[in-house]
Amino acid sequence: MITSPVAYWEPLWAAGRRYRQITDTEVQLLAEHLGPGQGRPALDVGCGDGSLARHLHDHLGYRTTGIDCAPSAIATATAVGDHPQFQVMDFATDDLSSLPDPAYALITCRLAFRFITDKGAFLDRVRQLLAPGGTFWVVTELAERRADDDPLKSLGITTSDVELLTSRWSTATIVDLDRLACFALHP
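With the first letter of the sequence shown counted as 1, position 25 gets the number 24 in numbering that gives the first Met the number 0; the numbers rise by one all the way through.
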């Protein structure tokens with residue numbers, strides 16, 4: 000369990016570690032499920048190098064803010080260009096009023112949900128910021144997709160985590176991405 004997200008992630012990003020890039024399948028799913036952003040605000044939680052935030056901004060037309068608790072991740076993201084907006088922030092604990100918008104048409108959490116310690120509190124914060132009719136977009140690994148003796152099994156979320164993630168939404172669309180799953184959740 001990660002007790003201090005910045006203490007865990009910052010050394011990894013500072014050392015140059017990089018993570019799975021957005022796949023063509025994910026790009027297709029984003030277009031199908033989200034459609035054009037038309038300048039509406041989007042928030043990418045745990046944005047890392049900013050690749051998803053940039054895709055939302057450059058290709059789908061969202062006015063995107065990417066946040067990450069690791070300063071080196073944000074430095075990597077901003078080194079690519081000045082858009083979208085990026086800021087250092089721990090979504091789970093920092094003051095949400097420091098975000099540029101009071102509500103978001105889209106909130107994304109790609110490959111980060113599994114690392115959230117208090118998933119219930121995290122989801123409450125997402126619901127607090129999600130605009131009416133908005134979408135919470137989660138891409139995460141599922142533990143059940145790995146063999147019981149696989150040392151990486153702990154990287155996925157459990158069945159009970161999936162139940163927590165998908166409860167209290169009016170609609171929950173789940174798309175299989177091999178070991179990963181994509182969740183499009185609507186209030």
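Derived by calculation from the structure, the hints in this document are not laboratory data.
Ideal Cβ positions, reconstructed from N, Cα and C, are used throughout, including at glycine.
Among the hints, erroneous ones may be present.
[What the hints assert, rightly or not] With beta-carbon atoms standing in for the labels, derived distance ranges:
no.	residue 1	residue 2	range
1	Pro131	Thr165	29 to 39 Å
2	His58	Pro131	42 to 52 Å
3	Thr22	Asp100	40 to 50 Å
4	Ala78	Thr158	18 to 28 Å
5	Thr77	Thr172	18 to 28 Å
6	Ile173	Gly34	31 to 41 Å
7	Ala74	Ser166	35 to 45 Å
8	Thr170	Arg19	22 to 32 Å
9	Tyr18	Glu143	36 to 46 Å
10	Asp148	Gly34	16 to 26 Å
11	Leu154	Val174	27 to 37 Å
12	Pro10	Ala78	30 to 40 Å
13	Ser166	Asp100	18 to 28 Å
To test your reading of the hints: which numbers does this structure violate? 1, 2, 3, 4, 5, 6, 9, 10, 11 and 12
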